[in-house]
Every structure is written in structure tokens, then in C-alpha cells.
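Student: Chains as they are written, first to last, in numbering that gives the first Met the number 0: chain A, 0 to 243; chain B, 0 to 196.
A few of these clues could be false.
Claimed, not checked - The calculated label-pair distances, taken between Cβ atoms and stated as ranges, are:
| id | chain 1 | residue 1 | chain 2 | residue 2 | range |
| --- | --- | --- | --- | --- | --- |
| 1 | A | H228 | B | A71 | 24 to 34 Å |
| 2 | A | A232 | B | V107 | 29 to 39 Å |
| 3 | A | R205 | B | F138 | 50 to 60 Å |
| 4 | B | D79 | A | M206 | 26 to 36 Å |
| 5 | A | P173 | B | H143 | 56 to 66 Å |
| 6 | A | E22 | B | L131 | 54 to 64 Å |
| 7 | A | D124 | B | Y86 | 49 to 59 Å |
Said to hold, decoys possible - Calculated pairs, SDA-like style, for lysine to any residue (alpha carbon to alpha carbon, straight line, at most 25 Å):
| id | chain 1 | residue 1 | chain 2 | residue 2 |
| --- | --- | --- | --- | --- |
| 8 | A | K61 | B | S9 |
| 9 | B | K101 | B | D161 |
| 10 | A | K78 | B | E108 |
| 11 | A | K214 | B | R33 |
| 12 | A | K78 | B | L81 |
| 13 | A | K61 | B | D48 |
| 14 | A | K214 | B | I1 |
Unchecked claim - Example chain B residues on the side facing chain A (calculated, C-beta under 8 Å, incomplete):
| id | residue |
| --- | --- |
| 15 | N11 |
| 16 | D48 |
| 17 | A54 |
| 18 | V55 |
| 19 | R72 |
Please keep in mind that the hints were generated in silico from the structure rather than gathered at the bench.
For every residue, glycine included, the Cβ atom is placed at its ideal position computed from N, Cα and C.
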Amino acid sequence: MDKTTHFGFKQVAESEKAAKVAEVFHSVAAQYDIMNDLMSVGLHRLWKRFTVAQAGLRPGMKVLDVAGGTADLTRLFLKEVGETGTVLLTDINFSMLREGRDRMLNEGKTPPAVQCDGERLPFPDNHFDCVSVAFGLRNMTHKDQALAEMHRVLKPGGRLLVLEFSKVWKPLEPAYDLYSFKLLPLMGKLVAKDAASYQYLAESIRMHPGQEELKAMMETAGFAKVSYHNLTAGVVALHKGFKV
Amino acid sequence: MIAEGLIERSLNHLLRQSPGAAESLVRHAGARVRFDLTLAQFDFRIADDGCFSEAVVDVPDAVIRPTPALLARLPFFGRDSLRHADYSGDPALLATLDRVFKQLAWDVEADLAPLVGDIAAHRLHALGRDALAGFAHTFSAIGHNASEYLVEEAEVMARGVDVTRFNRDVDTLADDVARLEARLNRLQARLPENAGE
Chain A
0 MDKTTHFGFK QVAESEKAAK VAEVFHSVAA QYDIMNDLMS VGLHRLWKRF
50 TVAQAGLRPG MKVLDVAGGT ADLTRLFLKE VGETGTVLLT DINFSMLREG
100 RDRMLNEGKT PPAVQCDGER LPFPDNHFDC VSVAFGLRNM THKDQALAEM
150 HRVLKPGGRL LVLEFSKVWK PLEPAYDLYS FKLLPLMGKL VAKDAASYQY
200 LAESIRMHPG QEELKAMMET AGFAKVSYHN LTAGVVALHK GFKV
Chain B
0 MIAEGLIERS LNHLLRQSPG AAESLVRHAG ARVRFDLTLA QFDFRIADDG
50 CFSEAVVDVP DAVIRPTPAL LARLPFFGRD SLRHADYSGD PALLATLDRV
100 FKQLAWDVEA DLAPLVGDIA AHRLHALGRD ALAGFAHTFS AIGHNASEYL
150 VEEAEVMARG VDVTRFNRDV DTLADDVARL EARLNRLQAR LPENAGE
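All chains should be built: construct the whole structure from the sequences, respecting the hints.
Tutor: Structure follows, in C-alpha cells:
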């Protein structure tokens, strides 16, 4: 019998989760950016800029953007690493990756875009100066395996940045729940014509490990000096760890 | 975490703006530097390009401890206040760091220009520079007036020159007493054993 895992609040066979997540992102890819702006009132742009500011990038560095989707981080990373650096945009979902790649092409940039699984990265050991995963780890079936892979491809001294929804400040929970479970699906229905995917988004956020749990997972994967910073009262947290 | 990231970003930005600064650090690539602020420690490694990179450091090659005096003087005296920091570790690395820190210069105008345009950046910078100079002048004048009042009018504090003279007089007196004591001892030693009886 196949082991089970969560898909939002539902339990599904592990082998089915990736396909179900893929369905969600195939469905929302075209409206992904506009929905991000609507849902976060534009705050996701600040969260991502903060992430890049913590990446410590300099010209010539190699960066891997795991689950990079519509390339928000990739675009910012490219500015930091300059002509001599490399930013690899990856995503398991072709629809999302195509959105990101086309967006980059429309801006006259051609960073390599690779469709691959974050749990089995097709890159050599000790290769990247920085690996980032923004709003992607939550959707991975084996988060520990994905973290171990990101650790493997990082150079010693390199850093991993995980930007992800997290546990919101307790007093704000009722309002946040109301927003997530009532307003989000409604916005999804009206704008993206897909309420179910945004219901999944709200549920998957609740099932994702909190700040301390994710920190412990990163330490177990081999990262040192792991720290996190809450953004917008813990709606989102940025975790940072180093490979030694 | 934020602080370390911000320090790293700011330092590297300044290094890039100061010609030759990062190049001076290239020969120390791989060296580990710790900024020890007592309450928090920030560890960096010098990267191959001479920039600072946040790192995991067990044993640093150089430790820089900004003292309270430095932190208090930094806003008013800028780079000149860096000599108040405590430095320990590899002397060659420390000498380079000292030289590099003293040559760091923030090109405010260059950073403002992409945001507001060249002309506005130039004027804003000039405005800020004049305001800071005015503030420093006012602060210095108030300090000077206060010290003058305490020394000359209220006479609750001694002037530096008087303290120095007093210290010099005390030293002279101590030397005279020591000489006299030695002379007395010598005379005492010359006297016959029963001379005083």
C-alpha cells in the first residue's frame, strides 16, 4: 500500500500528490501573477526583494531558483549576478515554467529554464553559490529529500533561502483564517475562475511546517547557522541556512 | 539574521564604490572576520573578489570590537572614529582592514541618481551634506560653550592645561621627595652608629 501524504487537508497517496499539485498549477499559471498581487496586496514583491537582499549575491555567482515559476526571483537575481553570473530557473510544472520563461524572453533576457523535480535536482554536487525556493517547498511531497538535494548542489559556504508561508502571529489567526478560507477561494473563483485551487492554497499553508519546525528540518538536512525572519507578522517567513 | 545580511550588503556596496578597496582584500580571500558587538556577533568570510560573505565561522582570523566610544563618535567623526575599535588577530589582515575601512566612502549621489535623477540627486546630496555639517557645527559649538561655562564661569571643572600642569607638578614633587629620601638614607648610613646618642 502506498504511503499517504497531505494534499491540503485531504490525505492522498504519495504517488498522487505531485500530479494533483501539477493540476493546481496548470490551472492557475496564466493568472498566477495577478492573483499574487491581489492576494498579498502587492506585498509578495517586498517579500521577494527582501529575500534577494539576504542572498548576498555578487557579480559572477551561480544561483538556482527552485520552483521558480513565473520567474519573479530569477529576474531580481539576474540584476545582482550581472552578465558574468548565472541564474537557473527551474520548476516541475511546465505551465508555470513556460510563463516564467516567456516573461523573461519578453524582457529580453534568456536565462536557462529547466523543468525538473526539486526532490531530484539534475545538477552536480557543490555547484551553486545560492539556492532559493519561494512558495514551492510547501507543495513538495518529500520536503526533507528536497532540502537534502538543495544542500547537495550548494557549494560549501553557499546559502539556501526558503521563502514560504508560515504560522501567523496568534492574535491575527482568526482574521487570517477568515481571509484564507472565505475570501481567497472567492477571489480565485472571480479572477482565476478556479476556487478549488485557492482552497488548496489556504489548506496547504496550514499543513506546512511552522517556523521552528522548518528550521529543524533544515538543520537535519545539514544546514548550519539556520535562522528565520518573519515577514508580515509571520504570514510568510524567510529561512536562511549555510552549507559548511 | 537581518542585521548580518544588511551589514554584508552595505559593506559590499561601499567596497564597490571605493576604488581599490575590494582589490586590497583579495589577497586575504578565505580569511574569516568577526564583528563582535558584545550582544551579537557577525561573521564574514572574505570572498575571492575581496567582498564580504556571510559565513559560518568557528575561529575567526580577525576580530573587530567596536567600542562604545566608537559607536558614540561614529555619526560625528565618521571614519576617524574607527581607531577607537578594538582589533585582534592576524596583524597583516588587520592592517589591510584598517586601511580599507578608512578609505570606504559612500557615494550618496550615485545611489540617489537612479531614483530621482542626476540633478535632484546632486541637490539632495548637497542639502543633506550641508544639514549634517550644520548639525555637527551646532553640536560642536554647544559642547564648546558648555565646557567653557563649566571651566571658566562655574569653575566646577579644571582646564586640560591646568590638569596637565598639576600632574607635571605632582610628578616633579614625587621625584624631589624620592631624591630627598635617598639623600637622607645616604647621610644616615654615613653617621657613626652611636652618633645620635
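Student: Give a verdict on every hint.
Tutor: Outcome of the hint check:
1. Between H228 of chain A and A71 of chain B the CB atoms are about 29 Å apart, so this pair conforms to the stated range of 24 to 34 Å.
2. Distance hint check for A232 of chain A and V107 of chain B: the Cβ-Cβ separation is about 33 Å, which falls inside the suggested range of 29 to 39 Å.
3. A beta carbon spacing of about 54 Å between R205 of chain A and F138 of chain B agrees with the range 50 to 60 Å that was offered as a hint.
4. Taking the beta carbon of each, D79 of chain B and M206 of chain A are about 56 Å apart, not inside 26 to 36 Å as hinted.
5. A hinted range of 56 to 66 Å for the beta carbons of P173 of chain A and H143 of chain B is consistent with their spacing of about 59 Å.
6. For E22 of chain A and L131 of chain B, the hinted distance range of 54 to 64 Å is satisfied, since their beta carbons lie about 59 Å from each other.
7. Judged by the Cβ atoms, the range 49 to 59 Å given for D124 of chain A and Y86 of chain B is violated: they are separated by roughly 38 Å.
8. For the suggested pair K61 of chain A and S9 of chain B, the alpha carbons sit about 21 Å apart, so the restraint of at most 25 Å is met.
9. With a CA separation close to 34 Å, the supplied pair K101 of chain B and D161 of chain B exceeds the 25 Å bound.
10. A threshold of 25 Å between alpha carbons decides the hint, and for K78 of chain A with E108 of chain B the separation of about 21 Å falls inside it, so the pair holds.
11. With a C-alpha separation of about 24 Å, the suggested pair K214 of chain A and R33 of chain B falls inside the 25 Å cut-off, and the hint holds.
12. The straight-line distance between the Cα atoms of K78 of chain A and L81 of chain B is roughly 33 Å, outside the 25 Å bound, and the hint therefore fails.
13. Using a Cα cut-off of 25 Å, the hinted pair K61 of chain A and D48 of chain B holds, with the two alpha carbons roughly 14 Å apart.
14. The hinted pair formed by K214 of chain A and I1 of chain B meets the criterion: a straight-line CA distance of about 16 Å does not exceed 25 Å.
15. Checking N11 of chain B against chain A by beta carbon gives a least distance of about 7 Å; that is within 8 Å, so the hint holds.
16. Because the beta carbon of D48 of chain B sits about 6 Å from the nearest beta carbon in chain A, less than 8 Å, this interface hint is met.
17. Look at A54 of chain B: its Cβ gets to within about 6 Å of chain A, closer than 8 Å, so that hint holds up.
18. Hint on V55 of chain B holds. Least Cβ distance to chain A is approximately 5 Å, under the 8 Å limit.
19. Evaluation of the R72 of chain B hint against chain A yields a violated restraint, the C-beta minimum of about 28 Å exceeding 8 Å.
Going down the numbered hints, you'll see the structure goes against 4, 7, 9, 12, 19, while the others check out.
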